[in-house]
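Asks: Hey, can you work out the whole structure from these sequences and the hints?
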Amino acid sequence: MKLSKNFTNPLAANNPVIVQILGICSALAVTVQLKPALVMGLSVTFVCAFSNLVMSLLRNGVPSRIRIIVQLVVIATLVIVVDQFLRAFMFDVSKQLSVYVGLIITNCIVMGRVEAFALGNKPWASFVDGVSNGLGYTLILVIVAFFRELCGSGKLFGMEIIPQGAYEAGYMNNGLFLFPPMALIIIGCIIWIHRSFNKDLQEK
Amino acid sequence: MAINKNSNAYIIIYTVVMVVIVGALLAILATSLKDRQEVEVQKEQKFSIMRVLGVANEDSDKDQMVELFKKDVTIAWIEKGEYTPVTGNKAEEKAVFDRLGNRKELREVTDKLPIFQQGDTYVIPMAGKGLWDDIWGFIALQKTEDGTNYKVSGIVMDHKGETPGLGAEIATAAVQDKFIGMTLFDAEDNIAVQMLKGGMAHKSAVEGSTVDAISGGTKTCDGVNKMIKDSIGKYAAFLKAQLGATTPAEVEAPAEDEAPVEGETPAEETVTEDTVAEDVNVESNNGKEE
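Order-wise, the sequence lines are chains R and G.
Here the first sequence stands for residues 3 to 206, numbered as in our numbering.
Here the second sequence stands for residues -9 to 280, numbered as in our numbering.
To be clear, the hints were calculated from the coordinates, so they are not data collected in a lab.
Ideal Cβ placement from N, Cα and C applies to all residues, glycine included.
Treat the hints loosely; a few may be bogus.
[Claimed, not checked] In silico PhoX-like pairs for lysine-lysine, Cα to Cα no more than 20 Å straight-line:
hint: 1; chain 1: G; residue 1: Lys209; chain 2: R; residue 2: Lys97
hint: 2; chain 1: R; residue 1: Lys97; chain 2: G; residue 2: Lys(-5)
hint: 3; chain 1: G; residue 1: Lys209; chain 2: G; residue 2: Lys150
[What the hints assert, rightly or not] Selected chain R positions facing chain G (in silico; Cβ < 7 Å):
hint: 4; residue: Pro65
hint: 5; residue: Ile68
hint: 6; residue: Ile70
hint: 7; residue: Thr79
hint: 8; residue: Ile82
hint: 9; residue: Arg89
hint: 10; residue: Ala90
hint: 11; residue: Phe93
hint: 12; residue: Gln98
Replies: Shown next as structure tokens:
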């Protein structure tokens, strides 16, 4: 597979969230606002890219019997690095994300890519694969968070978008958007739109 | 000879080397970021204190508030009733904030107590247990006009795992604002501020000190009451000493009713007090337990 294809594929045609249906759980939890969603997406991208890179470098030396454990150690280490940096430099965001940063360890996208791609490919290709899968995840998170924050609290990145006049005229924020079920509905809609453009994905 | 990658020796050596490398890396990282993280945690606590003092609200700029805190607020220890300001002493300041960060210690230690002061208002850290897990917060106590009692001028509370929509409501402004203006000591010099089912309708309600409890969050409210009693209780001797000689007669509720009229209390507070009184009358607790 060519490198460029390798990069663009996970963004749309083989998106980890809406096609592979991985990482849904965190997509429901951290998408109430755009900022945590974006930080979460970038954190996953970082972890995914570097765990792919490290595992690809190690792939010839890892004893196959303990490879899953080795993968876990590498992923867990990277997640702790992210967590520590967030705590030191983005305290508020880290508070909002709370346990979900730690739960990146269990995000299926990360381990799935290591197992399916990095163990059989060269470091650079694996790194690119990690980045693009992470970005594919980020993309969906941001789309979902955009609608949830806009409709749920009338803001984007914490800035008031809906003019005060609209509220005075009787407009109200839709509280349902703040709850996880709405994230599932939005993801469902994205999958629907995505599949109507990609006929080959439709089940017969 | 090629190495057999599936031999036990190889696997064990591989594992040990990996663990040592990873462990060393993480240890270095954690130590090098520790200072920076502590600064952030301190900032958060200072911000909470500015909020309980009514200077900051949720949307205020954090750094600006931390600057104001430095200027306006005195950090102190109370050791055996002795008030020792430590503002400016870096090591002692750190010790105070470390104590705030350690909720178990905050609950249990009774001989060396952290306190914050701004003008005639004291901010006391609180820690306790809700229904499911830790609850904590700050309470700001301001001397009443006649100097015979304290009034709650602000409270912030947070929790780890209370039931959303019920006990977790203690973290909302709607509940916390109800405490503003409440009188601390009752006629017998006991700490009277508490949340009771039905508010004033409750049989042990004290005029001017009782806040309506949260429907369905009774156990959490009990936890809040215990937290307030225990945490402030440790400071009670000090607080009373600051009032000078208090006689029970002077402490009675009317003092608190007159206060807003005399005009020195901010108008805001008067308004809230009125609303609180209304709330107490209108709201009824359905008695649902969590």
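Asks: All the hints need checking, so say for each whether the structure fits it.
Replies: Status of each hint after checking the structure:
1. Lys209(G) with Lys97(R): violated (26 Å)
2. Lys97(R) with Lys(-5)(G): violated (43 Å)
3. Lys209(G) with Lys150(G): Satisfied, since the Cα-Cα distance of roughly 15 Å is no more than 20 Å.
4. Pro65: holds (5 Å)
5. Ile68: Check passed: Cβ of Ile68(R) comes within 6 Å of chain G, closer than 7 Å.
6. Ile70: violated (13 Å)
7. Thr79: This hint holds: Thr79(R) lies near chain G, its Cβ roughly 5 Å from the closest one there, short of 7 Å.
8. Ile82: Holds. Min distance 6 Å.
9. Arg89: holds (5 Å)
10. Ala90: holds (4 Å)
11. Phe93: holds (4 Å)
12. Gln98: Status violated, d = 13 Å.
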